[in-house]
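K.L.:
Letter by letter, the chains look like this.
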Amino acid sequence: MTGLTSTAGTGLAARGARTSQAIRPRLRGRELGLLVLVAAALVAGSVSLGATERLQAALLNGDRQLPLVLAPADAGLLAVYVAALAVAHAALVLSGRRTDQVLLPTVGLLGGLGLLLMERLPQSLAGSLGGLAQTQLVWLLLGLAVLTLLAVTVRNDAWLRRYKYTWAAVGVGLLLLTFVLGRDVNGARLSIALGPFTGQPSELLKVILVVFFAGYLSENRPLLVEESTRVGPLRLPPLPYLAPMVAMLTMALGIVIVERDLGAALLFYAVFLLLLYVATARPSYVVLGLLAFVAGAAVLYQFPALFPTIRVRIDVWLNPFADQAGAGYQVVQALHAFARGGIIGTGLGAGLPTIGGRPPIPALHTDFPLAALGEELGLVGILAILGLYVVLIERGLRIAASAHDEFRALLAAGLSLVIGVQAFIIAAGNLKLIPLTGITLPFISYGGSSLLANSVIVGLLIALSDQGPEVRPPGPPRRGVRPLARRPA
Amino acid sequence: MTGPARSLAARQGPIGAALVRVGLALAVAFAGIAGGAGYWQVLRSSDLSGAPDDAAVIAASRQVVRGLITDRDGRQLAWNARDSHGEPFRVYASPALSGVIGYAATQWGTAGLEQAWNAELTGVRSADPLYDLTRKFRAGGNDPEDLRTTLVLSLQQKAVQLLGSDRGAVVLLDPRTGEVLVMASTPDFDASAVANPTTSAKAFAALQADPSRPLFPRATSGTYVPGSIFKIVTAMAALSSGAISTSTTYPQQPAAETTGLLVDGFRVRDGHHRATDGTPVAFDRAVEVSCNIYFALTGLRTGGRQLLATAASLGFGAQLPFDLSTSSSQVTGGGGSFQGGFADEVELANAAYGQAETLVTPLQMALVAATVANDGVLMTPHLVLSASGAAGTTTIAPEVLRRVVSASVAGEIRDAMVLAVNGPIGRLFTAGAQVPGVQVAGKSGTAELDPGSSPHSWFIGFAPAGDAQVAIAVIVEHGGHGSERASPIAGAMLKAWRAWVAG
Amino acid sequence: MDPTLLAIWVVRLLFLGLLYLFLWAVVRVLLRDLRAAAREPVREIGRLVVLESPSGEPAAGSAFRLDAVTTLGRDVNNAIVLEDEFVSASHAALTYRGRAWYLEDFDSTNGTFINGHRVEGVVAVAFGDELQVGQIRLRLERPRE
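Chains as they are written, first to last, in the working numbering: chain A, 6 to 494; chain B, 80 to 582; chain C, 2 to 146.
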């Protein structure tokens, strides 16, 4: 019983720690079973990739006899990753907490699919540590370490809820830093470089924003639910009470938009609205928010001088085929990739034709991994991947629903919404359901910042899912206990 | 905080319910993604993955030995050679084919028929969908297919030779089937030089810099002012709607020939014939003498909407259903508010005899002639007779696109077109189109352009008039009057066609 | 059909199949958790009835359902907000530990009383006990079945 309501937090939590008993390992049978399935699936995928690669090499050589080599594409890479999953599982077992057993295997499978994809792409696309796949593996291992560390150690959330404004300041500081020190990549100023490493602060900012929103909303929920601003006959939500959140959101959006990171802007805004709705159950917030969004987008579309990217993105979305060689190129190529995949796909390693040694989509590994997987795994594979994200969302929202208090509930809801909305934005963008905004596909896309930020999210979710010790004798409190004289009833 | 009961509800109720709703919303959103994936991966799968600009098709086309292309008699039009590295490249039988076959070059991609049938020629897609389904399970990858086209190499070369150093186009097709026998465009270019890796870069750069734009396929993509040949479209609209009959005359017509026709304050002038002797002409004679006043009045009487509707059923206003992509022909710019898009009566009157904002492709006008020739039924034009590969041979059958006018209206127009080539006055304009031993029906056109530049020379027609087996459209850019350049070329082409039929 | 290609396709389809096997296993876990949650509905663990409240906020006679940890005080962030000038912003907390209720006073200015005795530190509270916080009197009651 670690979760305590806001202001009572410190006193009781401190004592809770004192009274806790020695940590006893606790078996996690379901997690183990699911991880075994994950390992089996990844081995099968790797063997499929390996056999295809050797077959294609033979075809390119013009060999008459086609080889059948049923061995993993890169056994070392796979072994290290599966071992890391096992270590993470062991650490969770040793911690003895009654936490969620589905999140780690699901994330493990998504990460493994990403790793297979990186193995399969031209290794020269990106990565400073000996190619695309090896770099991705290093980030995956770091991500798993962060995830496990948070899942094992986070028992008290006071440091999150208490210092929400500090967190907010840190977040905005990070973004300002990008703005000052950032490097331009494809016309967007997204990353800061520290030595050989580059990072995208907007990934970390999404976690910080959720912490801030959850803290502020849980503190002010009654006001936001009960009060109204009256404008003539209209009963609007109590806008003044929203001011701190709106200010924070505007700042984050403003900086993100100036940096032309539209995907992050869309993500922040959607999560903000959804979380506001979760906290208040007032649809008027969502309606107002959507109206503001449509109005804003329309203004930016009408006056392209303000922000030219928006108009280009919307035009490309409406008809990418109008400018296939120019602005619509990536979107059209992605749709072609999906089309080539068909129902069961080409098989790992057999799709993604390269022209002059390059895949047709430059940002395949970051913004279009779903198109790549759609081609090689087909509709069947895409549906499975979507299913994995739905599992993550369901699990996260369930953790939110059974949380002990509002802060934890809103935090868990916000964190799972971040993953769900982000996966939606990029998947729907790839499929031309919404305008394309560059953002990573959680756990699958190449990129350290994204993997680490999403690992933080899942680590926190696992920690928040702690159901506490099963049986706990009531045991007398340690101090100040005095039998009280009973007044006759 | 108004009361404890309410505060209880406010504190404990909504989070759960709102969470469920948000969860459901996300579930719906993901179902939407699944639907989107289904749309692109199942419904649009074959059309996108077989498209000429698909990356897999392009990648395959750079490695695969392409299928052969032959003309309808089996003469090779395109085959393959290998460079010093053993990589295949394309060789073409004649530069005369460049406007229709196009090219396939590693560095520059594909054009023309090579582009339109790229998936089949490289074996990415076969003409048999069942065979495509099992492709995944077969070794060896692609099975390029050979194409047998509807073209006739000798006639194609003859057309280019007749056009000579002029820019222009000739389209010859069978009105009964829609099979295209000749699709020539000049200036032509040496597609083999573009395909050959050793000469490719230089040849292509020179072609791109050439101000006469040889890479531009004029027969399908060039849009020209039609002049008098458009009167055939107006005639179809007027006769089939009942706006006029073949005996219709206009009393004001003879006078207007000298003074000009007053339409809405503007004078539509027509000074190029005096042969009608001051008597109002009826339909046949109006076609024969190519009377602009008659067709201006007919256009006004028929109405813009009817004219546009008939033109649309002939294929105006959209890409034609054809192997190659085509420009769309237009009757009017469409910006106006008068009768379906004309600016005013004056524009309609001028458009009715093929001036104003009217722009047409040579292929479109060949189809107009073919429709008259085929008793009013328009056949879908096509360039490929059959595709054959490992999956077997797939034959492309003739296909009716639609009936445009009744057989009797087509007959009335045919009679007038016979007169336009063979009548005592028509002969003056189109004598060159006559062919000994066979009756030719046709209409010449002189597309007036800006003052100072000589007009486009046009001819459309078909032969034999009573039992048409071939329809033709000829344009020579700035070739002067229809009778000067286009009619003789048409006559020579029809003669050559007769010789080819005779074997 | 080439045997090598067929064998590779068997592996490819096995991979896709294993993805779905994983999903099936996860869904089974999810459903089992759902059923388990349905079997133990969230039981009420106690109620706090307002006996007397001079400010009317909360009104006398109203009742609060208690959470495992329920904080009392004048600040809006408390689970139960008591509008009374003699109540501290963060006054006290009721906690349920498996079988019994305990009350902790957060060193409030005017103290918390159980059946008239001032509370120091943490004390056990029984159902039926009367609490006084500021001028507000409350009674801890058994949960309703």
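Take these hints with a grain of salt, some might be off.
With the C-beta cut set under 10 Å, the calculated list includes, among others, these residues of chain C facing chain A [what the hints assert, rightly or not]: (1) Leu24; (2) Val27; (3) Val30; (4) Ala80.
Coverage of chain C stretches by chain A, computed from C-beta distances (three or more under 8 Å per stretch; other residues unrestricted) [as the list claims (entries may be wrong)]: (5) 4 to 13; (6) 63 to 73.
For the chain A half of the interface with chain B, some residues (derived, Cβ under 10 Å), not all of them [claimed, not checked]: (7) Gln128; (8) Leu130; (9) Leu134; (10) Ala284; (11) Leu311; (12) Phe312; (13) Arg345; (14) Gly350; (15) Thr371; (16) Arg403; (17) Ala428; (18) Asn435.
Think of the hints as simulated: they come from the structure by calculation, not from any bench.
C-beta: ideal position from N, C-alpha, C; glycine also.
K.L.:
Check the structure against each numbered hint from earlier and tell me which ones fail, lowest number first.
P.N.:
7, 8, 9, 11, 12, 15
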